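Undergrad: Each chain is listed here by its residues.
Protein chains: 2
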Amino acid sequence: MDLVTGGAGFIGSHLVDALVLSGKKVRIVDNFSSGRLEFLSHHDKNDNVEIINCDLLDLEQLKEAMKGISHVHHLAANPDIRLGTEITDTDLKQGTLATYNVLESMRINDVKNISFASSSAIYGEADEMPTTEKYGPNLPISLYGASKLASEALISAWIGTFGGIGYIHRFANIVGPRGTHGVIFDFIHKLKNNPNRLEVLGDGFQEKSYMSVRDCVDSMLHLIENANESVNLYNLGTGDTCSVRRIAEIVVEESGLENVSVEYTGGKRGWAGDVPKTFLNVDKLLSTDFKPTRMSEETIRDTVMQLIYEIGLK
Amino acid sequence: MDLVTGGAGFIGSHLVDALVLSGKKVRIVDNFSSGRLEFLSHHDKNDNVEIINCDLLDLEQLKEAMKGISHVHHLAANPDIRLGTEITDTDLKQGTLATYNVLESMRINDVKNISFASSSAIYGEADEMPTTEKYGPNLPISLYGASKLASEALISAWIGTFGGIGYIHRFANIVGPRGTHGVIFDFIHKLKNNPNRLEVLGDGFQEKSYMSVRDCVDSMLHLIENANESVNLYNLGTGDTCSVRRIAEIVVEESGLENVSVEYTGGKRGWAGDVPKTFLNVDKLLSTDFKPTRMSEETIRDTVMQLIYEIGLK
Numbered sequence: 001m002d003l004v005t006g007g008a009g010f011i012g013s014h015l016v017d018a019l020v021l022s023g024k025k026v027r028i029v030d031n032f033s034s035g036r037l038e039f040l041s042h043h044d045k046n047d048n049v050e051i052i053n054c055d056l057l058d059l060e061q062l063k064e065a066m067k068g069i070s071h072v073h074h075l076a077a078n079p080d081i082r083l084g085t086e087i088t089d090t091d092l093k094q095g096t097l098a099t100y101n102v103l104e105s106m107r108i109n110d111v112k113n114i115s116f117a118s119s120s121a122i123y124g125e126a127d128e129m130p131t132t133e134k135y136g137p138n139l140p141i142s143l144y145g146a147s148k149l150a151s152e153a154l155i156s157a158w159i160g161t162f163g164g165i166g167y168i169h170r171f172a173n174i175v176g177p178r179g180t181h182g183v184i185f186d187f188i189h190k191l192k193n194n195p196n197r198l199e200v201l202g203d204g205f206q207e208k209s210y211m212s213v214r215d216c217v218d219s220m221l222h223l224i225e226n227a228n229e230s231v232n233l234y235n236l237g238t239g240d241t242c243s244v245r246r247i248a249e250i251v252v253e254e255s256g257l258e259n260v261s262v263e264y265t266g267g268k269r270g271w272a273g274d275v276p277k278t279f280l281n282v283d284k285l286l287s288t289d290f291k292p293t294r295m296s297e298e299t300i301r302d303t304v305m306q307l308i309y310e311i312g313l314k
Numbered sequence: 001m002d003l004v005t006g007g008a009g010f011i012g013s014h015l016v017d018a019l020v021l022s023g024k025k026v027r028i029v030d031n032f033s034s035g036r037l038e039f040l041s042h043h044d045k046n047d048n049v050e051i052i053n054c055d056l057l058d059l060e061q062l063k064e065a066m067k068g069i070s071h072v073h074h075l076a077a078n079p080d081i082r083l084g085t086e087i088t089d090t091d092l093k094q095g096t097l098a099t100y101n102v103l104e105s106m107r108i109n110d111v112k113n114i115s116f117a118s119s120s121a122i123y124g125e126a127d128e129m130p131t132t133e134k135y136g137p138n139l140p141i142s143l144y145g146a147s148k149l150a151s152e153a154l155i156s157a158w159i160g161t162f163g164g165i166g167y168i169h170r171f172a173n174i175v176g177p178r179g180t181h182g183v184i185f186d187f188i189h190k191l192k193n194n195p196n197r198l199e200v201l202g203d204g205f206q207e208k209s210y211m212s213v214r215d216c217v218d219s220m221l222h223l224i225e226n227a228n229e230s231v232n233l234y235n236l237g238t239g240d241t242c243s244v245r246r247i248a249e250i251v252v253e254e255s256g257l258e259n260v261s262v263e264y265t266g267g268k269r270g271w272a273g274d275v276p277k278t279f280l281n282v283d284k285l286l287s288t289d290f291k292p293t294r295m296s297e298e299t300i301r302d303t304v305m306q307l308i309y310e311i312g313l314k
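Line order of the protein sequences matches chains S and P. First residue of the first sequence? That's 1 in this note's numbering, and the numbers climb one at a time after it. First residue of the second sequence? That's 1 in this note's numbering, and the numbers climb one at a time after it.
Treat the hints as calculated values from the structure; they're not laboratory data. Note that this is a predicted model, so its numbers are computed, not measured. One or more hints might be untrue.
25 Å max Cα-Cα, derived SDA-like pairs, lysine to any residue [unchecked claim]:
1. S:Lys93 with P:Glu86
2. P:Lys192 with P:Glu254
3. P:Lys63 with S:Thr88
4. S:Lys134 with P:Ser230
5. S:Lys24 with S:Pro130
6. P:Lys25 with P:Glu225
7. P:Lys134 with S:Asp127
8. P:Lys291 with P:Lys192
9. P:Lys314 with P:Ile224
10. P:Lys93 with P:Ile108
11. S:Lys134 with P:Glu133
12. P:Lys112 with S:Asp110
13. P:Lys268 with S:Gly163
14. S:Lys112 with P:Trp271
15. S:Lys93 with S:Val111
16. P:Lys134 with S:Val111
17. P:Lys284 with P:Lys63
18. P:Lys277 with P:Ser243
19. P:Lys93 with S:Leu57
20. P:Lys284 with P:Ile224
21. P:Lys291 with P:Ala227
22. S:Lys93 with P:Asp89
23. P:Lys277 with S:Leu59
To list a few chain P residues with every Cβ distance to chain S over 10 Å, as calculated [claimed, not checked]:
24. Arg36
25. Glu38
26. Asp44
27. Lys63
28. Asp89
29. Glu104
30. Arg107
31. Phe162
32. Pro177
33. Asn194
34. Gly202
35. Arg214
36. Leu221
37. Ala227
38. Ile250
39. Thr265
Note that CB positions come from ideal geometry on N, CA and C, so glycine has one too.
Go ahead and model the full structure; you've got the sequences and the hints to work with.
TA: This is the structure in structure tokens:
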């Protein structure tokens with residue numbers, strides 16, 4: 001049986017879908033801080049899907065949940081990078097300490113395989129673009145990025161010390177249906193609140209890679225079959241980028257709204273800890289014969305249409 | 001006033017000596033888990049040296065200790081790398097969480113400068129020798145290494161989010177007087193217990209760089225004056241290596257003992273999580289016009305002589 005932490009969340013619920021489709025039994029652990037039961041409601045009648053309401057900081061409950069598991073997909077985390085500028089222990093607890101508890105409960109239950117959702121945020125402001133997995137030093141500038149790098153290090157150390165196999169995925173920006181945060185989500189909510197004005201944090205020239213959530217979970221499962229190190233570390237992304245200005249344009253276009261004034265707060269970053277440009281080199285992923293079905297702008301437009309529907313802007 | 005966490009420990013007490021010599025006022029925070037008051041006894045009558053018995057996990061007491069500080073030298077940590085194979089939360093608490101508390105108490109008190117004792121352990125089993133600061137990915141294989149990388153990431157994220165200046169020092173093996181752990185310390189204690197037999201963990205072909213503790217603290221202070229980034233990351237070492245077999249030879253020679261049977265437990269590493277070979281590229285340090293006074297073998301022989309005296313083998 002596979003265990004998905006954060007399985008009721010945005011990426012987690014899509015991973016559950018993919019695992020179920022491949023015939024796996026799945027146990028979900030989620031504290032429903034940002035996850036939602038409705039993201040899993042289509043599995044209500046499926047005996048292969050089990051949901052446990054558990055916070056990963058509860059080590060005793062987690063040890064119980066780990067029984068009978070062969071592979072852990074550890075996706076639970078605080079999804080709101082910006083929150084670290086205000087509350088400094090959220091990423092420490094929901095990121096680093098949660099990962100420690102996952103690994104410790106795996107060790108005690110002799111569970112040997114873990115896939116982990118890391119992030120391009122670990123690269124901080126890299127001076128090599130596109131950025132390969134070999135780039136260093138890794139100097140994240142957000143508390144979220146620090147918790148992801150700390151979690152990578154814990155996984156690597158656990159495997160080096162106690163054995164096992166790890167898959168560390170450094171995600172680009174992942175977007176798609178059921179999105180609960182991020183720039184597209186924010187823009188649509190802003191237009192819902194005020195159809196005449198769209199405030200963009202920063203100068204809008206921030207530029208990042210966007211990967212469809214379905215390509216993301218497909219590549220995660222592809223790598224379990226096709227990567228053969230004890231620690232398998234891969235950038236997951238599309239190999240191109242899109243600017244925040246272009247995203248704002250697409251959101252306004254797809255909203256059908258007219259006379260929207262797009263206003264920029266200025267400065268090269270949206271908030272302290274925001275990395276103005278991220279661009280992952282994904283050659284290593286492509287070398288395993290995985291090809292994303294959508295590039296950045298296409299998946300942004302798909303997502304805008306889906307979230308406009310989900311959020312109810314139209 | 002400067003604050004030294006772990007200031008009663010091996011490296012910390014030498015740093016306190018150097019700071020005092022340069023005319024600084026110094027506050028020491030130590031929980032005396034491995035630090036010793038006797039390492040500071042020569043400062044007993046010096047009003048410029050203040051000692052606070054405080055565990056870094058006590059955030060409230062640490063916030064108090066941070067008042068009036070302009071530069072933090074964060075050296076406190078669990079010094080016993082091997083311990084992580086048995087107790088999995090020591091490095092998490094005494095490393096990662098302690099660093100979080102140091103940074104949070106700095107933020108609250110508006111303290112902007114931090115030097116941090118990181119380690120070559122963050123490189124794990126690097127496939128580039130000598131290893132530069134740009135080497136990646138960083139996949140530590142010990143829980144100690146994971147806590148050092150997590151702490152680096154926290155410092156970088158704090159500076160990226162809240163401002164400040166950081167000096168991250170990736171130490172080679174640091175040796176010298178007042179050593180409380182490590183291979184030389186262990187060998188001398190073993191010979192004290194049994195003068196006929198010296199057990200060496202692993203095959204003895206493990207090979208690492210050894211830097212004198214005085215060169216180490218001198219280079220730390222040199223970099224504060226000579227490095228000008230917001231995050232200044234430097235390998236600290238000597239640019240050469242010495243094998244464990246050679247260390248065993250030197251210990252036996254200097255002990256004056258005859259008929260010592262040196263026995264190897266075999267295997268390429270001393271324990272799970274031991275990195276068989278570490279060799280830091282220190283060109284970046286040398287480029288700041290710092291030159292270590294001693295290379296590895298010379299500083300090992302000095303240390304052997306000093307610790308034979310301190311431990312009382314002769």
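Undergrad: A cut-off of 10 Å on Cβ-Cβ distance, and Asp44 of chain P was said to be off the interface with chain S. Does that hold?
TA: It holds; Asp44 of chain P is separated from chain S by about 38 Å at its closest Cβ, greater than 10 Å.
Undergrad: Does Val111 of chain S sit within 25 Å of Lys93 of chain S, going by the straight-line distance between their CA atoms?
TA: 22 Å, holds
Undergrad: Hey, does Leu221 of chain P actually stay past 10 Å from chain S on C-beta?
TA: 22 Å, holds
Undergrad: Going straight from one Cα to the other, do Lys268 of chain P and Gly163 of chain S come out at no more than 25 Å?
TA: Holds - the C-alpha atoms of Gly163 of chain S and Lys268 of chain P are around 16 Å apart, at most 25 Å.
Undergrad: Starting from Lys192 of chain P, check that the Cα of Glu254 of chain P is at most 25 Å away, please.
TA: Cα-Cα ~13 Å, so holds.
Undergrad: Is the Cβ of Ala227 of chain P more than 10 Å away from each Cβ in chain S?
TA: Holds, because the least Cβ-Cβ distance between Ala227 of chain P and chain S comes to about 14 Å, which exceeds 10 Å.
Undergrad: Please verify that the nearest CB of chain S lies beyond 10 Å from Lys63 of chain P's CB.
TA: 13 Å, holds
Undergrad: Would the hint linking Lys284 of chain P and Ile224 of chain P be met if the CA-CA limit is 25 Å?
TA: 14 Å, holds
Undergrad: The output says Arg214 of chain P does not contact chain S. Does that hold with a beta carbon cutoff of 10 Å?
TA: 26 Å, holds
Undergrad: For the pair we were handed, Lys93 of chain S and Asp89 of chain P, check the Cα-Cα distance against 25 Å.
TA: 14 Å, holds
Undergrad: Are the Cα positions of Lys134 of chain P and Asp127 of chain S separated by 25 Å at most?
TA: 11 Å, holds
Undergrad: Going straight from one Cα to the other, do Lys63 of chain P and Thr88 of chain S come out at no more than 25 Å?
TA: 15 Å, holds
Hint compliance for this structure: hints 5, 8, 9, 12, 16, 17, 23, 28, 29, 30 and 31 are not met, and every other hint is.
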